[in-house]
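Colleague: Starting from the given sequences, assemble the full structure and let the hints guide the process.
Chain order of the listed sequences is E and X.
Going by my numbering, the first sequence opens with residue 77, and the numbers climb by one from there.
Going by my numbering, the second sequence opens with residue 5, and the numbers climb by one from there.
There could be a bad hint or two in this list.
What the hints assert, rightly or not - Covered by chain E, according to a simulated footprint, are these stretches of chain X (three or more residues, beta-carbon under 8 Å):
(1) 58-72
(2) 302-310
(3) 351-362
Unchecked claim - Chain E is nowhere near these chain X residues, computed Cβ spacing over 10 Å in every case:
(4) N50
(5) P212
(6) S243
(7) A255
(8) A288
(9) V321
Derived from the structure by calculation, the hints contain no laboratory data.
Beta carbons: idealized from backbone N, C-alpha and C, even for Gly.
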Amino acid sequence: MKILAIETSTEACSVALVHGEEILARSELAPRRHGELVLPMADSLLAEAGMSRQALEGIAVGRGPGAFTGVRLAISLAQGMAMALDLPVVTVSSLQALAMEEDAGSDDILAVIDARMGEVYAAAYRRGADGLPESLSDEWVGPPASLTVPPGGPWSVVGTGWATYAAQLRERIGSVAAHDGACYPQARNVALLALPAFRAGKGVSAEHALPVYLRDKVALTLAEQGKH
Amino acid sequence: MGKLARLIGRAVNYSVSILQISKPVLGIETSCDETGVALLRWDRENPGRGLLSHELFSQVRLHAEYGGVVPELASRDHVRKLLPLVRKALADAGLGLSDLGGVAYTAGPGLVGALLVGGAAARAMAWALGIPAIGVHHMEGHLLAPLLEDDPPEPPFVALLVSGGHSMLVEVQGIGSYRILGDTLDDAAGEAFDKTAKMMGLPYPGGPALAKLAEQGRSGVYKFTRPMTDRPGFDFSFSGLKTQVLMAWKASDGSDQARADIARGFEEAIVDTLAIKCRRALAATGAGRLVIAGGVGANRRLRAQLAEAGAADGFRVYFPRLEFCTDNGAMIALAGAIRLAAGQHDDTLVVQPRWSLETLTAA
Chain E
77 MKILAIETST EACSVALVHG EEILARSELA PRRHGELVLP MADSLLAEAG
127 MSRQALEGIA VGRGPGAFTG VRLAISLAQG MAMALDLPVV TVSSLQALAM
177 EEDAGSDDIL AVIDARMGEV YAAAYRRGAD GLPESLSDEW VGPPASLTVP
227 PGGPWSVVGT GWATYAAQLR ERIGSVAAHD GACYPQARNV ALLALPAFRA
277 GKGVSAEHAL PVYLRDKVAL TLAEQGKH
Chain X
5 MGKLARLIGR AVNYSVSILQ ISKPVLGIET SCDETGVALL RWDRENPGRG
55 LLSHELFSQV RLHAEYGGVV PELASRDHVR KLLPLVRKAL ADAGLGLSDL
105 GGVAYTAGPG LVGALLVGGA AARAMAWALG IPAIGVHHME GHLLAPLLED
155 DPPEPPFVAL LVSGGHSMLV EVQGIGSYRI LGDTLDDAAG EAFDKTAKMM
205 GLPYPGGPAL AKLAEQGRSG VYKFTRPMTD RPGFDFSFSG LKTQVLMAWK
255 ASDGSDQARA DIARGFEEAI VDTLAIKCRR ALAATGAGRL VIAGGVGANR
305 RLRAQLAEAG AADGFRVYFP RLEFCTDNGA MIALAGAIRL AAGQHDDTLV
355 VQPRWSLETL TAA
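Modeller: Printed below as a string of structure tokens:
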């Protein structure tokens, strides 16, 4: 299959191209420059593969959780491409893509992204027979001191949440097998996670590819402000 | 529209996209709390005739619950609404995306997150279709919106841009050649309407409700100052007026009649102030044509008073239809189509929350 994947929900901006058995990828830590980078990265991948845009068969996208603006950027780009090329979209959890960064060899993985405002986005995974992480918990947002992990472990913790909140997380998690606070969800893994869904014909049309923010309370209504 | 056509014709002569200019341009507006989409085929003899379809979704009800626009919620709603609106606009025009010759989107000024939604979708579509894209200045869209009407104004003209976010007097020397004559030092005119309405207990967005209430008020019961009209220049300041109204409201008996009378006094003060500055700007520039744009341009008293001023002073006043006074996709499609027809486009997704009109170049 020929799939273009986009992931911009954290500091890492990345694009990947699946063609046949091969995956090409570009990735850069470039806060606030994601908007400028994605399309040129896609062009350079297509050129490297000697492929035209019209040959694409699907768009995969990291749908969050992560930075709101970054999540929306990837989704809006994916929507625009998919609509114009009439392609299906598969949305992938950015936490699950992050879990695939685990390279210490543990089977139980906790993906934790710094969500700012004293909170983290988190989800627990167990590596399946196919090597892909399977969910052990719902995706969650909250203060690291309130995190609860499902039965399992020892945990290999990945993501920026660890870099910011290692001490609080360690208390909640118990047994930590390994940790890496300097890794980010990558488009290459978004593509790998999306492939089974594409093969199963589970892509959606462009306008149904939507972000997952987790943090849904972003302002107080007048009533909640006591002004009603 | 001889002169305008000549201006544009000159630009088109060196255009590399002659073939594309006859193709429709998709315009996308997401700078604040309206999602606007339009399809326009550039027709230099009669731009309004080239408008093939336009769609708008207003988020006003979503934000009403919060008493004002919540930027994050605005961005989230644009993501949900934009593509369905594009599909609707295409269906209404009987077109497919492959028929397009270019894509234009609002690149600023506005809410950064909201701008990025429209910009990213627009650029991705253009990228996928292999057609040019261009980021349009939101206020240039407003300035050019009157060209969508029959008998459009030719530059040079003076434009009064009055909305919830802006109060500006701009001299339009030609397309892309703008000089800001005056700006607000604090609140925009529409913002003053909304805030004053809120103080007097009217629900968000209170501006239009306040104007309606003023119809029942008596002229002359409350007389507020006409800010900054006692000195030369074209700048506005509406923040002090708001305070005067608050004091009058607190000192009143709080009756419906008092509220209506205050609303009337407030509206007269704003409209008088705007009219005084417009007359000054026309006298100073000798332009002979005044264009009204922005949401406050829908205000009936403002329209009537400016028409009277024009009759007295000998200038003509142009009002876009109400739906093109407020934010819309048609004005973005138009401004983008003009620039694309002139061979202009840009290659990077960069949005500019703050962006001066005066930095634009001629089309």
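Colleague: Are the hints correct? Go through all of them and say.
Modeller: To see whether the hints hold, each was checked on the structure:
no.	hint	verdict
1	58-72	holds (count 3)
2	302-310	violated (count 0)
3	351-362	holds (count 4)
4	N50	29 Å, holds
5	P212	18 Å, holds
6	S243	21 Å, holds
7	A255	23 Å, holds
8	A288	41 Å, holds
9	V321	38 Å, holds
Consistency with the previously given hints fails for number 2 only.
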